[in-house]
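K.L.:
Sequence:
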Amino acid sequence: MKYKLPCLFLFFAPFSALATLHCPAINEIKHGAGVYTAVAADDTEWSGTLQGELPQFGTIKDFSEAMMIVEGSSEEKRGKFQKCTYNLHAEGKQIDMFYENKAWLASISDKPHWKYEQGGFLNYYTCSGVAPEACQFDIVVASATF
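Heads up: the sequence shown runs through residues -19 to -1, 1 to 127, numbered per mature numbering (1 follows the signal peptide of the UniProt record, and there is no 0).
Since the hints were made in silico from the structure, they are not lab data.
We treat Cβ as the ideally placed atom computed from N, Cα and C, and that holds for glycine.
Any given hint could be a false lead.
[Claimed, not checked] For lysine-lysine, the following PhoX-like pairs were computed, each having C-alpha atoms within a straight-line distance of at most 20 Å:
#1 LYS11 - LYS64
#2 LYS83 - LYS61
#3 LYS96 - LYS61
#4 LYS58 - LYS92
[What the hints assert, rightly or not] Derived Cβ-Cβ restraints for the label pairs, each shown as a range:
#5 ASP43 - LYS96: 15 to 23 Å
#6 GLN37 - LYS11: 17 to 25 Å
#7 ASP91 - PRO36: 32 to 40 Å
#8 HIS94 - ASP23: 16 to 24 Å
#9 GLU98 - GLN75: 17 to 25 Å
Build out the structure end to end from the sequences listed, making use of the hints.
P.N.:
Structure representation (structure tokens):
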């Protein structure tokens, strides 16, 4: 009987975090032939590919922003994590880095650097003006409820 209570608790939790991730640090991003990759904290991969002509100076200059599209109300701070964007040394060029598993829900509850924005038909959060490692988010899964 003493094991049933902890198990029941898991069934009533609406969401549980699998991992806390962040945009890759600039020095962790490897690149070659227009392909950029970095290992995430959970041993999955971030990747991005430059479109068009490859610039002569394709190294990363600095971090621009991270973006998450809201699912539901903005108060929930939950949605689909979209990308981390970096500025390149090449004039006007940027690279978008995408997290390997795009299907998982992300949460930014208790993550202070995210700002709510609206544009067109989208409600979204952005994280900018900080180091990429400060743009943290939790990968969450809906728990089973009976």
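K.L.:
With reference to the structure, classify each hint as holding or not holding.
P.N.:
Against the structure, the hints come out as follows:
Taken as a hint, the LYS11 and LYS64 pair is honoured in the structure, with Cα atoms around 17 Å apart against an allowance of 20 Å. Pair hint LYS83 plus LYS61 holds up; C-alpha atoms about 7 Å apart against a cutoff of 20 Å. Distance check on the hinted pair: LYS96 and LYS61 sit about 15 Å apart at the alpha-carbon level, within 20 Å; holds. About 9 Å separates the Cα atoms of LYS58 and LYS92, which keeps this hinted pair within 20 Å; it holds.
ASP43 and LYS96 have their C-beta atoms about 18 Å apart, which keeps the hinted 15 to 23 Å range intact. The supplied range of 17 to 25 Å is met by GLN37 and LYS11, whose beta-carbon atoms lie about 18 Å from each other. Range check, ASP91 to PRO36: Cβ separation about 38 Å, and the 32 to 40 Å hint holds. The hint said 16 to 24 Å for the Cβ distance between HIS94 and ASP23, and at roughly 20 Å that hint holds.
As the Cβ distance of GLU98 to GLN75 is approximately 18 Å, the hint placing it in 17 to 25 Å holds.
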